[in-house]
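A.B. asks: So the protein sequences, as listed, match chains A and B.
Position 103, counted from 1, in the first sequence is what the working numbering calls 103; the numbers after and before it change by one each time, with no gaps.
Position in the second sequence (first residue = 1) + 1000 = the working numbering.
If you're looking for bench data, these hints aren't it; they were derived computationally from the structure.
Treat the numbers as computed from the prediction; the structure is a model and nothing was measured.
Take these hints with a grain of salt, some might be off.
Claimed, not checked - Here are the simulated lysine-lysine pairs, DSBU-like style, with alpha carbons at most 30 Å apart: (1) 1158/B - 54/A; (2) 1173/B - 54/A; (3) 54/A - 1234/B; (4) 158/A - 1526/B.
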Amino acid sequence: MRRFLVKRVALALVALVLVSMLVFATAEVLPGNVGRTILGRFATSEQVQRLNEKLGVYRPIPVRYGEWVAGFVTGDWGESQLLGRPVREVVLDRLGNSLILGAFAILLIVPISIGLGVLAALHYGKILDRAISVSGLSLIALPEFVTGVMLIVLFSVKLGWFPVSSQVPTANPFDIVRQLLLPSIPLMFVLFGYVARMARAGTVEALQSNYTRTAVLKGLPRRTVIWRHVLRNSLLPTISVVSVQFGYLVGGLVVVETLFNYPGIGKLVLDAAVGHDLLVLEAAVLVTAILFMVSNLVADLLYGVLNPRVRLAR
Amino acid sequence: MGDYEYHLVEEVRAGRLTRRDFIRRASVMGLSVSSIGVLLSACQGGGSGGEGSGAPTGGGKPKRGGTLRIARVVPGSDPDPVTINDSGGVQTVQLAGEYLVHPGADNVLEPRLATKWEPSSTPDEWTFTIRQGVKWHDGSMMTVDDVVATFDRLVDPKTESAALSAFEGVLSKGGVEKVGKDQVRFNLDRPYADFPYLVSNYTFNAVILPANHEVGTFTEGGVGTGPFILKEYKTQQGASYVRNPDYWNPKLPYLDAIELVYFDDTPPIVLAMQAGEIDYNAEQPFAGAQALFEDPDINVYVNQSSAYRAIHMRVDEGPFADKRVRQALALSLDREALVEGLFQGRAEVGNDHAFAPIFPTAPPEGAVTQHVQDHAMAKQLLSDAELSDGIDVELTTQQFLEIPQLVTFMSEQARPAGIRIKPNILPPEEYYGGDPSPWLTVPFGITDWAARGVASQTIAPAYLCDGVWNSAHWCNKEYDRLIAALDAELDEQKRGKLAVQAARIQNEEVPSAIPYWINEMRAASKAVRGLEAVPRPEEAVFWLDRP
Chain A
1 MRRFLVKRVA
11 LALVALVLVS
21 MLVFATAEVL
31 PGNVGRTILG
41 RFATSEQVQR
51 LNEKLGVYRP
61 IPVRYGEWVA
71 GFVTGDWGES
81 QLLGRPVREV
91 VLDRLGNSLI
101 LGAFAILLIV
111 PISIGLGVLA
121 ALHYGKILDR
131 AISVSGLSLI
141 ALPEFVTGVM
151 LIVLFSVKLG
161 WFPVSSQVPT
171 ANPFDIVRQL
181 LLPSIPLMFV
191 LFGYVARMAR
201 AGTVEALQSN
211 YTRTAVLKGL
221 PRRTVIWRHV
231 LRNSLLPTIS
241 VVSVQFGYLV
251 GGLVVVETLF
261 NYPGIGKLVL
271 DAAVGHDLLV
281 LEAAVLVTAI
291 LFMVSNLVAD
301 LLYGVLNPRV
311 RLAR
Chain B
1001 MGDYEYHLVE
1011 EVRAGRLTRR
1021 DFIRRASVMG
1031 LSVSSIGVLL
1041 SACQGGGSGG
1051 EGSGAPTGGG
1061 KPKRGGTLRI
1071 ARVVPGSDPD
1081 PVTINDSGGV
1091 QTVQLAGEYL
1101 VHPGADNVLE
1111 PRLATKWEPS
1121 STPDEWTFTI
1131 RQGVKWHDGS
1141 MMTVDDVVAT
1151 FDRLVDPKTE
1161 SAALSAFEGV
1171 LSKGGVEKVG
1181 KDQVRFNLDR
1191 PYADFPYLVS
1201 NYTFNAVILP
1211 ANHEVGTFTE
1221 GGVGTGPFIL
1231 KEYKTQQGAS
1241 YVRNPDYWNP
1251 KLPYLDAIEL
1261 VYFDDTPPIV
1271 LAMQAGEIDY
1281 NAEQPFAGAQ
1291 ALFEDPDINV
1301 YVNQSSAYRA
1311 IHMRVDEGPF
1321 ADKRVRQALA
1331 LSLDREALVE
1341 GLFQGRAEVG
1351 NDHAFAPIFP
1361 TAPPEGAVTQ
1371 HVQDHAMAKQ
1381 LLSDAELSDG
1391 IDVELTTQQF
1401 LEIPQLVTFM
1411 SEQARPAGIR
1421 IKPNILPPEE
1431 YYGGDPSPWL
1441 TVPFGITDWA
1451 ARGVASQTIA
1461 PAYLCDGVWN
1471 SAHWCNKEYD
1481 RLIAALDAEL
1491 DEQKRGKLAV
1501 QAARIQNEEV
1511 PSAIPYWINE
1521 MRAASKAVRG
1531 LEAVPRPEEA
1541 VFWLDRP
């Protein structure tokens, strides 16, 4: 177990170093530069060059990268050239906001998707199964900005139940639902079909297995068969799917955050990339990557807990 | 009555100058509201005086108090008056900062931090009298030295001033001096009859700042003299302002506070306005605003402006080096259809010269031949240029508002003339990024230009030989001479003639096709009063009448 952990963490570190290098390199090939972003299109080339020089943009990449790494690992993430604020503060603040939205969305999505997926499997081939599968597939095909706008127009503009621009909620449960329910629904639409399909497939397979037949034949009540024998086995692949999606939820919320004007990290990454705010871009991408890797690791460990065969094999 | 005043009165009496243009011109030359009133009565033997700088009320007696919620697209970088160059940054700064003069209705200039201004007879020297007793938001007194320092900073090539190109060729470092205890004199590089517009908010960056202002500290709050004090700035999210209790105009502002909320894009702003979460959006593009026109709780204020799109064609190389090819493109466009298709009529047809219909110097109807769609003529021009098979050209531009649709319309309209357009639509940061930027180098491109107060401001950087943003690389000595003469001329008849001559040259040479001049649009909830369809509304005179 310990060896497994050490190996995984070491691999994750290598991956993070590669990601950070990739971000640095990508920022170099993006059109424009930070001086131009700050000064705008009507500043002269000389002004832009002078500012870029002042900001150290023209120094060799390895030098800048080395400095950045040294700062990052000691907790000094530098100052955003574009925003004039400490990077750490901005990035962690935004990450926190995204985590709140992501966690709420996961809590909403996972039970509903798994529940309906299992329900479909239990009615395998019947009308309910078809309905759930088809609607899941259709919803995947609808992009977030379409469903998001429809939801806003209906529930915020016409009915006035929810705010159009979602803020970071207070601790009040009512406020949490008010602020986060609407932005979570387009995410649910995207993930629902995926997660429900996994849950359905796993359950169908488990239902047809020998151990289920044995359980049924030895006279266990249907409820016990499903809870003890079917679900325990069928949900394993679903858990790994969900954990991968959590990374997406936190880092890939750009569309939803833009639409609902929610101050999360996805939009920060996009703005930093477009504006060449390298320090913010690096920090934001890395914390998202770390989160992604941690959630994967947690999923693997959970997998092991739920499935003794895997635990022994490692 | 001085000679100049007499000249203006004569022009109005002879019917060569409208009352509106008279008031505008008189305001540029720094005549006070009361003397404008006296002159007007001299013109017409009575009649009301100028409206003056009194606050418009937009119906009813203004109520005090309340918080106005404003939406704007998020600024691209930390806003500071010296560097601002986008809509979000400008809004953030202008609530707290002020200019020497303000363009009111019909672009008539009104006093703000300057109480009076006056040109020398040439007019290459302008003397501004600075308002006394104005307090900075931190409580200290604003002085003439602060004003001098503000402009020194803006024209210093070593600073990050985004206004450097706006003052290029007009005002250089060392050109600003303190005269006496309450006056500032601008010694210009060349005569410029419309100079006061350059120190109004048509030069966003000309906000008066303390002499010791450090670029980048504006968002810490408390910088400026304006009606509202910046209290809190939340990076990329918004800003809060409170009423300035020591504002130099004790009657204003009416509002207690302003909440500025940043959005990433316009569509969410439209939705937030429809839901009643936002009261005001000062820059509502037509694209996507259709829902607001139909909303019974929202007013959309539309005013003519000098904002436009320049379809530039490089005259020094590539397919458009031959003038006839540029003319062929100009004659392939159906401008009425563009205005209707892209704006449902909320734009004015352009004629490929830079004198917008709202500029006082705009040529009268018929003075310059209007370019209209004429495919036969366009084909003839191409065949004269030995291109009877037509041409294939790449049009490089940006993903911004209606421009991609404009490209589609253009391709359709130009094809029958034999001009086959291949679009290359880039993100704005790529079109304007890089060094040199595509917008200044591609042979065929479309650039968005914001509204300016007078024609020279539009023309100087984009169409003069040494213009820094001359994307067509067009250089016409006679045109340059006419514009310089126009800037130096005070006689209204001569100004009009010079403008027509210049416009004819540009219309004939077509460095850029200018298909339309866009109307500016602002959207506000019906609760917002005091707002009118003027070029630059000021939040200081807004008040709220919430049901």
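A.B. asks: Look at each hint and say if it fits the structure.
C.D. replies: Against the structure, the hints come out as follows:
| no. | hint | in the structure |
| --- | --- | --- |
| 1 | 1158/B - 54/A | 12 Å, holds |
| 2 | 1173/B - 54/A | 22 Å, holds |
| 3 | 54/A - 1234/B | 26 Å, holds |
| 4 | 158/A - 1526/B | 18 Å, holds |
Going through the hint list in order, the structure satisfies each hint without exception.
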